[in-house]
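S.K.: So the chains spell out like this:
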Amino acid sequence: MKRIGLIVNPIAGMGGRVGLKGTDGPAALEQARALGATPLSGERARQALAVLRERLGDDLLLLAAPGPMGADIAESLGIATRVPPSPDRGRGAGGEGEDGKTARRQDGEKEGDLLPSPAVGRGAGGEGCTSSADTQTAVAAILAEGVDLLLFAGGDGTARDVYAAAGTGPPVLGIPTGVKMHSAVYATTPRAAGEAAAAFLTAAKPQLRESEVMDIDEEAFRQGRLSARLFGYLMVPYQRTLVQSLKSGSTSGEADLTGIATDIAERMRDGALWIIGPGTTTRAIAARLGVPKTLLGVDLYSRGELVASDATEQTILRHLDGVPAHIVVTPIGGQGYLFGRGNQQFSPEVIRRVDKSNIVVVSTLAKLTGLAGAPLLVDTGDPTLDAELAGYMRVVTGFRQESVQRVL
Amino acid sequence: MTRLRNFHAARWDEPLILDKGTPGERGYIPPAVDAGIAAAVPNPGSLIPEEMRRSEPPRLPELAQPQVLRHFLRLSQMTLGCHVTPDASLGTCTMKYSPQVNEHLTRMPEMSDLHPLQDDATTQGMLKIIYDFERMLCEISGMDAFTFQPAGGSTAIFINACIIRAYHRDRGELEQRNEIISTAFSHPIDCAAPSVAGFRVITLMPGPNGYPDLDALKAVVSERTAGLMMTNPEDTGIFNPYVKEFTRIVHEAGGLCAYDQANANGILGMTRARDTGFDLCQFNLHKTFSVPHGSTGGSCGAGGCTAELAKYLPSPMVVFDGERYSWDYDRPDSVGKSRSFHGNLQAVLRSYAWVMAHGAEGLRAVAETAVLNNNYLKSMLEEIPGIDILYDSPGHRLQEVRYSWQPLLDETGVNTEDVRRRITDFGLQGYFTSHHPVIVPEPMTLEPSESWSKSDLEEYGAALTQIDQEARTDPEFVKSSPHASSVHRIHEEAIDSPDQWAMTWRGWKRKYGEERVHSA
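First to last, the protein sequences are chains H and C. Each residue of the first sequence is one higher than the last, beginning at 7 in this note's numbering. Each residue of the second sequence is one higher than the last, beginning at 121 in this note's numbering.
Among the clues, some could well be false.
Footprint (simulated), chain H over chain C, 3 or more residues, beta carbon under 8 Å [unchecked claim]:
| no. | stretch |
| --- | --- |
| 1 | 222-230 |
| 2 | 305-319 |
Coverage of chain H stretches by chain C, computed from C-beta distances (three or more under 8 Å per stretch; other residues unrestricted) [said to hold, decoys possible]:
| no. | stretch |
| --- | --- |
| 3 | 195-209 |
| 4 | 279-293 |
| 5 | 347-354 |
Please keep in mind that the hints were generated in silico from the structure rather than gathered at the bench. C-beta: ideal position from N, C-alpha, C; glycine also.
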């Protein structure tokens with residue numbers, strides 16, 4: 007019997023068709039409703055579950071959040087469903103500072119740097135509205151009972167809440183229903199989510215990979231400013247296409263990472279300052295050198311030793327004085343952003359001081375081909391610099407292996 | 121309307137041959153040694169150094185001839201071979217018909233009894249065939265010399281990477297020139313071979329037309345460039361029309377250019393490696409030149425180069441002094457050997473016979489027919505709603521196409537692996553999906569060579585059309601296929617798992633012991 011957690015953010019995606027940037031916060035939701043927005047999330051979750059039931063038959067128990075947050079949909083499909091009791095009604099209401107979350111906090115994750123949580127307090131949105139706290143409470147309740155996979159339907163706000171409650175551990179997969187979907191934790195379509203979930207649950211060797219949870223500040227975005235942050239990583243099922251293993255030789259993500267890390271670590275023993283951006287790919291480099299690395303922050307190294315951890319723009323600029331330097335960055339999965347998403351510490355001044363020729367881009371080939379031909383993107387906040395960075399850039403994809411990518 | 125066959129594969133409950141037989145059972149008992157020989161070599165075992173002698177006989181299966189014959193015929197019935205079905209589907213492998221008459225040639229005692237250490241005076245016929253066939257490949261490619269020693273295409277490409285290395289080493293530039301440029305739709309060996317040879321490899325990704333932009337090449341060419349190693353047409357069947365610009369730019373930077381011609385079936389007699397600026401190239405005799413594929417034993421990667429680079433080719437080479445052919449071992453600049461003795465010369469004999477049977481006009485007709493067949497099949501597949509064809513702006517392709525079943529997956533949940541299994545239910549070969557990296561999603565690579573008839577191609581197209589329809593009405597039926605094959609489902613994940621795979625009988629016994637279960 008496969009145990010699948012289900013949590014649906016019923017209001018996710020409502021802002022999209024009426025031109026809002028999202029539905030974080032009760033005011034935005036009210037506005038969306040006033041503009042005639044209707045819930046979409048439930049129907050999309052139903053599509054994914056229908057596929058899952060087709061593939062797994064009766065070998066399925068859903069542990070669903072109550073009512074429109076999951077149980078209603080599951081029951082309408084006739085799938086065996088159980089609603090775990092909420093362990094603590096008050097828990098998770100604010101996210102920040104809660105015991106549960108602190109315990110799961112990644113090394114080096116910064117509290118002060120986070121955007122305000124989209125949490126608006128229990129029921130603050132009025133009848134039919136669910137809040138960030140509801141999501142976190144429900145996730146905690148579902149995980150407490152143990153699941154093989156947690157499915158959530160929502161967008162980046164929901165992904166953040168799931169991450170806040172689940173951390174980087176249990177297998178989680180997103181059914182895409184939100185307006186903002188900058189995170190790399192969703193399947194491409196609801197149907198594909200059902201397929202991927204079924205494949206993961208029936209695989210002899212199920213595979214997971216850390217995938218980015220990103221979010222932007224909606225209020226700033228509505229005012230025309232894009233302010234994106236990397237919040238952390240969820241463990242997402244990774245269906246390594248069998249295509250690759252049948253004839254073309256295997257390229258496990260792990261082997262690719264080791265190759266990239268070895269390649270860069272070899273170069274990092276010189277006298278230059280190495281400024282390493284966030285991400286799992288770059289973390290592998292530090293692991294190769296046997297030095298600490300913050301997952302979400304920018305860290306500085308010299309001669310293979312840590313110089314500064316979780317550096318701000320100012321810290322980087324201070325260390326840049328009079329020494330040759332390299333920046334190592336990896337594109338955000340599924341989007342291709344090199345600068346301006348989750349690594350704003352690389353300010354235009356930092357990038358200019360280091361110089362374009364000293365930027366080292368690293369990425370697994372799987373991440374690059376996942377961009378489906380789309381270019382890498384830069385959004386430093388300085389259009390002149392963005393234009394200078396455009397063109398073609400080398401990307402280190404393995405040990406002494408590079409690829410060439412267009413940058414826009 | 122093409123009729124699809126009512127088919128079911130043979131299904132024998134056949135154990136492994138190592139599980140069969142009876143101790144002491146024999147298939148063949150050799151005659152006693154002649155008295156004269158026994159007198160001259162009284163103790164032949166002593167010729168083997170003691171540390172290499174077995175203390176006990178190998179544990180081989182012990183079976184009589186009819187049981188052996190029956191076993192392998194049953195296996196052959198359970199595996200579709202290209203002599204029972206049109207193998208239009210193993211794209212990039214050029215599965216063409218291997219004329220049976222050439223099999224008879226290689227079994228003639230004049231060939232099968234040759235020994236590589238025979239005196240040249242006794243092998244003049246074979247040496248002449250090698251020498252003449254080298255001249256033919258030079259004419260076909262524009263190159264000046266060829267080796268037939270590599271026993272596969274990858275080995276020939278590795279030799280090319282070694283020649284590039286030797287060339288720069290002799291010029292004192294190897295330390296500086298440590299980068300080889302390749303393209304993403306080239307065969308993976310064009311990255312792997314230079315990598316093994318010690319180079320850093322830079323891969324150009326496809327642009328909007330399926331081949332890399334010239335600007336991408338310009339962006340990475342530098343004083344560090346050692347060379348360019350690429351396939352053309354690539355595995356999309358698209359010929360890079362700027363290839364002469366590519367080779368010019370690399371030459372101007374001081375690099376050499378090596379042409380992977382495993383996809384030569386669409387360009388025979390149309391274009392030549394040398395004429396598009398390449399210094400090195402390779403042909404797979406077991407693809408383009410009709411030699412049977414399989415088991416990695418009988419193939420041949422013919423490696424060609426310019427006169428300037430010929431001194432680096434593996435040793436020995438056949439030379440002719442106007443009267444006599446001989447093996448030349450005095451090659452101090454050679455990159456070394458790629459195979460014991462002379463490689464697989466049966467492949468050279470078959471290819472020689474095949475080229476002689478076709479003539480120059482015939483070789484061009486091979487390419488024209490292969491391209492026509494491919495585009496005829498493509499015209500049928502364009503009508504299938506679940507198939508997408510990326511980079512389709514030029515319209516026609518050369519010898520193959522990498523199709524995408526992504527629309528079918530999006531609409532029905534049926535993916536390319538499902539289609540690939542289902543097509544065997546029609547008595548047709550499962551197809552090749554894609555080389556690494558997988559850029560075309562849900563890929564299917566088909567290459568109908570010149571060998572298959574119009575109705576063969578229509579049968580393949582009709583089967584794919586039907587599978588697309590089945591996916592829309594009963595996706596589970598396609599996903600649970602094959603239904604008419606000798607084996608229902610193979611657990612492909614084991615291919616990836618060192619704990620599960622077993623390459624040898626010894627490995628099988630070690631990993632599965634006596635508790636192993638015969639899969640149905």
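S.K.: Output the numbers, in ascending order, of every earlier hint that fails for this structure.
M.R.: 1, 4, 5
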